[in-house]
Amino acid sequence: DGGITQSPKYLFRKEGQNVTLSCEQNLNHDAMYWYRQDPGQGLRLIYYSQIVNDFQKGDIAEGYSVSREKKESFPLTVTSAQKNPTAFYLCASRDGQASNQPQHFGDGTRLSIL
Amino acid sequence: GQSLEQPSEVTAVEGAIVQINCTYQTSGFYGLSWYQQHDGGAPTFLSYNALDGLEETGRFSSFLSRSDSYGYLLLQELQMKDSASYFCAIHMDSSYKLIFGSGTRLLVRP
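Line order of the protein sequences matches chains Y and D.
Numbering-wise, the first sequence is residues 2 to 115 according to the working numbering.
Numbering-wise, the second sequence is residues -1 to 108 according to the working numbering.
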């Protein structure tokens, strides 16, 4: 079945540690996105990538980094510079040039501080 | 900048009709989407409007007025499973970016 796989489902970070969240898609989508969701809040865009080897900052990129070396993969690293990383992280992908193509989401990763 | 406003919470009775409004301000606008998210789950796409008017998909309909920078999601024949958060989202431009509202929590009561 085609879809987006995020791992792990739950992740704990120690102070001063970098952690990497995985996002893999087999939908052959060009565009991929990372969002952060805090309790009772909407989704805020961290980074997005329209094609391989290219990505742009979203609204809250500070303290995060990404790479897009393969079309299927868009990992997100939460660095020690992100002082409040506890949140629900959602990865999404999208197909096509037409603006009416929806974003497809993974099941998310919950990150907490130890 | 961009901003979207939607009510934080709406309560309705099973079998009823409910309308969730969304107003927006943005410098670029391609269209308005709606997503549903159950607690702890992933958002799922419901509908998209690029042009003025009503789009109907089963029990759900979505409306857009570009001149008023306003849209709404209409849910008919409400079911208990419709209890979820509903987000409106702006398509900004050809960069594929979406800007999400803060969400409306819908509670359907028996």
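Worth flagging that the hints you see were computed from the coordinates, not collected in a lab.
Be aware that one or more of the hints could be misleading.
[Unchecked claim] Computed cross-link-like contacts, DMTMM-like style, restricted to lysine to aspartate or glutamate with a CA-CA straight-line distance of at most 20 Å: (1) LYS15/Y - GLU63/Y; (2) LYS10/Y - GLU75/D; (3) LYS79/D - GLU3/D; (4) LYS10/Y - ASP55/Y; (5) LYS10/Y - ASP39/Y; (6) LYS72/Y - ASP39/Y; (7) LYS79/D - ASP108/Y; (8) LYS79/D - GLU12/D; (9) LYS58/Y - ASP37/D.
Taking the hints in turn, this is what the structure says about them:
A hinted pair counts as satisfied when its Cα atoms are at most 20 Å apart, and LYS15/Y with GLU63/Y qualifies at roughly 19 Å. Of the pairs offered as hints, the one joining LYS10/Y and GLU75/D is violated, with about 34 Å between alpha carbons and a cut-off of 20 Å exceeded. The straight-line distance between the Cα atoms of LYS79/D and GLU3/D is roughly 24 Å, outside the 20 Å bound, and the hint therefore fails. At most 20 Å may separate the alpha-carbon atoms for a hinted pair to count; LYS10/Y and ASP55/Y exceed this at roughly 26 Å.
The suggested pairing of LYS10/Y with ASP39/Y holds, with an alpha-carbon distance near 16 Å, which does not exceed 20 Å. At roughly 28 Å between alpha-carbon atoms, LYS72/Y and ASP39/Y are farther apart than 20 Å, so this suggested pair is violated. As the CA atoms of LYS79/D and ASP108/Y are separated by approximately 19 Å, the hinted pair is consistent with the 20 Å bound. Restraint check: the Cα-Cα separation between LYS79/D and GLU12/D comes to about 10 Å, which is no more than 20 Å; the hinted pair holds.
Under the criterion of a C-alpha separation no larger than 20 Å, the hint pairing LYS58/Y with ASP37/D is inconsistent with the structure, at around 28 Å.
Hints 2, 3, 4, 6, 9 from the earlier list are contradicted by this structure; the remaining hints agree with it.
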